Amino acid sequence: NGNWVLRYAGVSTDVGTAVEFGQWSHVMVVRPFGVANGVRMYVDGVVVAAASGGYNGGDVANLVVGSNTGTEEGTINFYQGVIDELQLFVLGASIEEEPTNYGFFSPGTDNDFIALSLTGVAGDVNQDGALTQADVNQFVDGWLHENLVNGLRSGDLISYSHGDLDFNGLTDLDDAFLLSDAMQAAGLGTLNFSLLGTTVPEPSALWIGTIIGAMLLRRR
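99 is the number that my numbering gives to position 99 of the sequence shown; each next residue is one higher, with no gaps.
A hint or two may mislead.
[As the list claims (entries may be wrong)] Taking CB as the label site, the calculated pair distances span:
(1) 70 x 193: 16 to 24 Å
(2) 190 x 25: 34 to 42 Å
(3) 185 x 9: 38 to 46 Å
(4) 141 x 61: 16 to 24 Å
(5) 195 x 71: 52 to 60 Å
(6) 97 x 7: 53 to 61 Å
(7) 77 x 174: 39 to 47 Å
These are computed hints drawn from the structure, not numbers from a lab.
Computed from a predicted structure; not experimentally measured.
Every residue gets a Cβ at the ideal spot worked out from N, C-alpha and C, and that includes glycine.
Generate the whole structure from the sequences, applying the supplied hints.
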(Lines of atoms letter the chains of each structure in order from A and count residues from 1; the text may use other names and numbers.)
(Lines give C-alpha, C1' and ligand atoms only; values in the text may rest on other atoms or scores of the structure.)
Protein backbone atom coordinates (compact mmCIF):
# COMPACT_ATOMS: atom_id res chain seq x y z
CA ASN A 1 0.00 0.00 0.00
CA GLY A 2 3.01 2.27 -0.29
CA ASN A 3 3.74 2.55 3.44
CA TRP A 4 6.85 1.66 5.41
CA VAL A 5 6.49 -1.70 7.16
CA LEU A 6 8.51 -2.99 10.11
CA ARG A 7 9.01 -6.76 10.10
CA TYR A 8 10.18 -8.08 13.47
CA ALA A 9 9.95 -11.51 15.10
CA GLY A 10 7.64 -12.74 12.36
CA VAL A 11 5.17 -9.86 12.75
CA SER A 12 4.64 -7.04 10.25
CA THR A 13 3.72 -3.56 11.46
CA ASP A 14 2.38 -1.04 8.94
CA VAL A 15 3.70 2.23 10.31
CA GLY A 16 1.18 4.36 8.44
CA THR A 17 3.96 6.49 6.97
CA ALA A 18 4.04 6.65 3.20
CA VAL A 19 7.25 5.95 1.31
CA GLU A 20 8.39 9.02 -0.62
CA PHE A 21 9.15 7.39 -3.94
CA GLY A 22 11.88 8.91 -6.07
CA GLN A 23 13.67 10.30 -3.02
CA TRP A 24 16.40 8.98 -0.75
CA SER A 25 15.42 7.87 2.76
CA HIS A 26 17.66 6.95 5.68
CA VAL A 27 16.29 3.80 7.34
CA MET A 28 17.58 2.21 10.53
CA VAL A 29 16.22 -0.76 12.47
CA VAL A 30 17.79 -1.30 15.87
CA ARG A 31 17.07 -3.18 19.08
CA PRO A 32 18.70 -0.64 21.40
CA PHE A 33 18.17 -2.06 24.87
CA GLY A 34 17.79 -5.82 24.53
CA VAL A 35 14.73 -8.05 24.52
CA ALA A 36 12.85 -6.18 27.24
CA ASN A 37 12.62 -2.95 25.24
CA GLY A 38 12.10 -4.28 21.75
CA VAL A 39 13.02 -2.76 18.39
CA ARG A 40 12.78 0.68 16.78
CA MET A 41 12.49 1.61 13.11
CA TYR A 42 13.85 5.05 12.18
CA VAL A 43 13.07 6.79 8.91
CA ASP A 44 14.98 10.04 8.40
CA GLY A 45 15.75 10.38 12.09
CA VAL A 46 12.21 9.74 13.35
CA VAL A 47 10.96 6.54 14.97
CA VAL A 48 7.99 5.49 12.84
CA ALA A 49 7.45 2.03 14.34
CA ALA A 50 8.38 0.02 17.41
CA ALA A 51 7.73 -3.53 18.57
CA SER A 52 8.32 -5.18 21.93
CA GLY A 53 9.78 -8.59 22.72
CA GLY A 54 12.59 -10.60 21.22
CA TYR A 55 13.03 -13.07 18.39
CA ASN A 56 14.36 -16.58 17.85
CA GLY A 57 18.07 -16.21 18.56
CA GLY A 58 18.68 -19.78 17.40
CA ASP A 59 17.43 -19.10 13.87
CA VAL A 60 20.12 -20.19 11.41
CA ALA A 61 18.48 -18.72 8.31
CA ASN A 62 20.73 -16.74 6.01
CA LEU A 63 20.87 -12.97 6.14
CA VAL A 64 18.99 -11.55 3.16
CA VAL A 65 18.85 -7.96 1.97
CA GLY A 66 16.16 -6.94 -0.50
CA SER A 67 14.06 -10.10 -0.51
CA ASN A 68 12.17 -12.57 1.67
CA THR A 69 13.71 -14.32 4.69
CA GLY A 70 13.05 -17.68 6.33
CA THR A 71 12.16 -20.74 4.26
CA GLU A 72 13.64 -20.57 0.75
CA GLU A 73 14.93 -17.10 1.46
CA GLY A 74 15.90 -14.79 -1.37
CA THR A 75 13.32 -16.10 -3.82
CA ILE A 76 10.33 -13.71 -3.67
CA ASN A 77 9.29 -10.19 -2.60
CA PHE A 78 12.25 -8.55 -4.27
CA TYR A 79 13.04 -4.96 -3.37
CA GLN A 80 12.56 -2.52 -6.22
CA GLY A 81 14.83 0.46 -5.83
CA VAL A 82 18.42 1.44 -5.10
CA ILE A 83 20.37 0.89 -1.87
CA ASP A 84 23.23 3.34 -1.61
CA GLU A 85 24.87 2.05 1.57
CA LEU A 86 24.28 -0.80 4.03
CA GLN A 87 25.76 -0.95 7.53
CA LEU A 88 25.46 -3.72 10.12
CA PHE A 89 26.51 -3.24 13.73
CA VAL A 90 26.19 -4.87 17.14
CA LEU A 91 25.48 -3.43 20.59
CA GLY A 92 26.03 -4.48 24.17
CA ALA A 93 28.28 -7.31 25.30
CA SER A 94 29.06 -10.57 23.54
CA ILE A 95 28.29 -13.94 25.17
CA GLU A 96 31.87 -15.18 25.17
CA GLU A 97 33.61 -16.25 28.37
CA GLU A 98 35.51 -12.97 28.21
CA PRO A 99 32.82 -10.77 26.65
CA THR A 100 33.52 -7.83 24.40
CA ASN A 101 31.55 -4.67 25.13
CA TYR A 102 30.42 -3.01 21.92
CA GLY A 103 28.85 -0.03 23.68
CA PHE A 104 25.35 1.36 23.93
CA PHE A 105 23.07 2.82 21.28
CA SER A 106 22.77 6.60 21.20
CA PRO A 107 20.53 8.04 18.47
CA GLY A 108 22.40 11.34 18.51
CA THR A 109 25.64 9.70 17.38
CA ASP A 110 24.74 6.25 16.02
CA ASN A 111 21.93 7.34 13.71
CA ASP A 112 23.74 9.12 10.87
CA PHE A 113 20.69 11.13 9.81
CA ILE A 114 20.20 12.52 13.32
CA ALA A 115 23.92 13.13 13.81
CA LEU A 116 24.13 15.13 10.58
CA SER A 117 20.90 17.01 11.31
CA LEU A 118 21.95 18.37 14.72
CA THR A 119 23.65 21.76 14.79
CA GLY A 120 26.23 20.57 17.29
CA VAL A 121 25.38 23.38 19.72
CA ALA A 122 24.80 21.92 23.18
CA GLY A 123 21.30 22.68 24.48
CA ASP A 124 20.06 23.93 21.10
CA VAL A 125 16.55 22.55 21.54
CA ASN A 126 15.02 24.43 18.60
CA GLN A 127 18.02 23.69 16.36
CA ASP A 128 18.51 27.23 15.10
CA GLY A 129 22.26 27.08 15.65
CA ALA A 130 22.42 29.09 18.87
CA LEU A 131 21.62 28.57 22.55
CA THR A 132 19.21 31.33 23.58
CA GLN A 133 16.18 31.99 25.76
CA ALA A 134 14.07 30.53 22.96
CA ASP A 135 15.60 27.12 23.68
CA VAL A 136 14.77 27.46 27.37
CA ASN A 137 11.18 28.40 26.51
CA GLN A 138 10.84 25.43 24.17
CA PHE A 139 12.34 23.13 26.80
CA VAL A 140 9.85 24.34 29.42
CA ASP A 141 6.98 23.83 26.96
CA GLY A 142 8.16 20.26 26.35
CA TRP A 143 8.78 19.42 30.02
CA LEU A 144 7.79 15.80 30.84
CA HIS A 145 6.90 15.13 27.20
CA GLU A 146 7.06 11.39 26.51
CA ASN A 147 7.57 10.24 22.95
CA LEU A 148 5.66 6.96 22.63
CA VAL A 149 5.63 4.95 19.41
CA ASN A 150 3.43 1.85 19.47
CA GLY A 151 3.45 2.22 23.25
CA LEU A 152 7.25 2.20 23.55
CA ARG A 153 9.29 5.21 24.65
CA SER A 154 11.54 6.33 21.80
CA GLY A 155 14.15 9.03 21.34
CA ASP A 156 14.45 10.76 17.97
CA LEU A 157 14.47 14.18 16.31
CA ILE A 158 10.88 14.78 17.41
CA SER A 159 11.57 14.03 21.07
CA TYR A 160 14.70 16.21 20.88
CA SER A 161 12.59 19.15 19.75
CA HIS A 162 10.65 18.76 23.01
CA GLY A 163 13.86 18.97 25.05
CA ASP A 164 14.84 15.29 25.14
CA LEU A 165 18.54 16.10 24.96
CA ASP A 166 19.70 12.60 25.93
CA PHE A 167 17.38 10.89 23.42
CA ASN A 168 15.74 8.53 25.92
CA GLY A 169 12.24 9.55 24.83
CA LEU A 170 11.33 11.56 27.94
CA THR A 171 12.08 15.20 28.77
CA ASP A 172 13.07 14.96 32.43
CA LEU A 173 15.59 16.14 35.02
CA ASP A 174 18.49 14.48 33.22
CA ASP A 175 17.77 16.73 30.25
CA ALA A 176 17.30 19.75 32.51
CA PHE A 177 20.79 19.26 33.92
CA LEU A 178 22.20 18.94 30.39
CA LEU A 179 20.54 22.20 29.38
CA SER A 180 21.69 23.94 32.55
CA ASP A 181 25.28 22.78 32.00
CA ALA A 182 25.16 23.99 28.39
CA MET A 183 23.85 27.39 29.51
CA GLN A 184 26.59 27.72 32.08
CA ALA A 185 29.28 26.76 29.56
CA ALA A 186 27.91 29.40 27.18
CA GLY A 187 28.02 32.08 29.87
CA LEU A 188 24.23 32.27 30.17
CA GLY A 189 23.96 31.36 33.83
CA THR A 190 22.05 28.22 34.78
CA LEU A 191 18.53 26.94 34.28
CA ASN A 192 15.85 28.24 36.64
CA PHE A 193 14.40 24.89 37.72
CA SER A 194 11.36 26.59 39.26
CA LEU A 195 10.14 27.13 35.69
CA LEU A 196 9.65 23.36 35.56
CA GLY A 197 7.57 23.29 38.72
CA THR A 198 10.35 21.57 40.62
CA THR A 199 13.35 22.46 42.73
CA VAL A 200 16.76 20.84 42.68
CA PRO A 201 18.87 20.68 45.87
CA GLU A 202 22.22 22.41 45.74
CA PRO A 203 25.19 19.98 45.62
CA SER A 204 26.30 21.25 49.06
CA ALA A 205 22.88 20.41 50.51
CA LEU A 206 23.08 16.91 49.06
CA TRP A 207 26.56 16.47 50.55
CA ILE A 208 25.43 17.65 54.01
CA GLY A 209 22.43 15.33 53.83
CA THR A 210 24.71 12.41 53.04
CA ILE A 211 26.96 13.18 56.03
CA ILE A 212 24.00 13.49 58.42
CA GLY A 213 22.51 10.26 57.10
CA ALA A 214 25.81 8.47 57.61
CA MET A 215 26.07 9.79 61.18
CA LEU A 216 22.57 8.59 62.00
CA LEU A 217 23.35 5.14 60.65
CA ARG A 218 26.49 4.93 62.75
CA ARG A 219 24.64 5.94 65.91
CA ARG A 220 22.16 3.16 65.41
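Structure-inconsistent hints, enumerated in ascending order:
Violated: hints 1, 4, 6.
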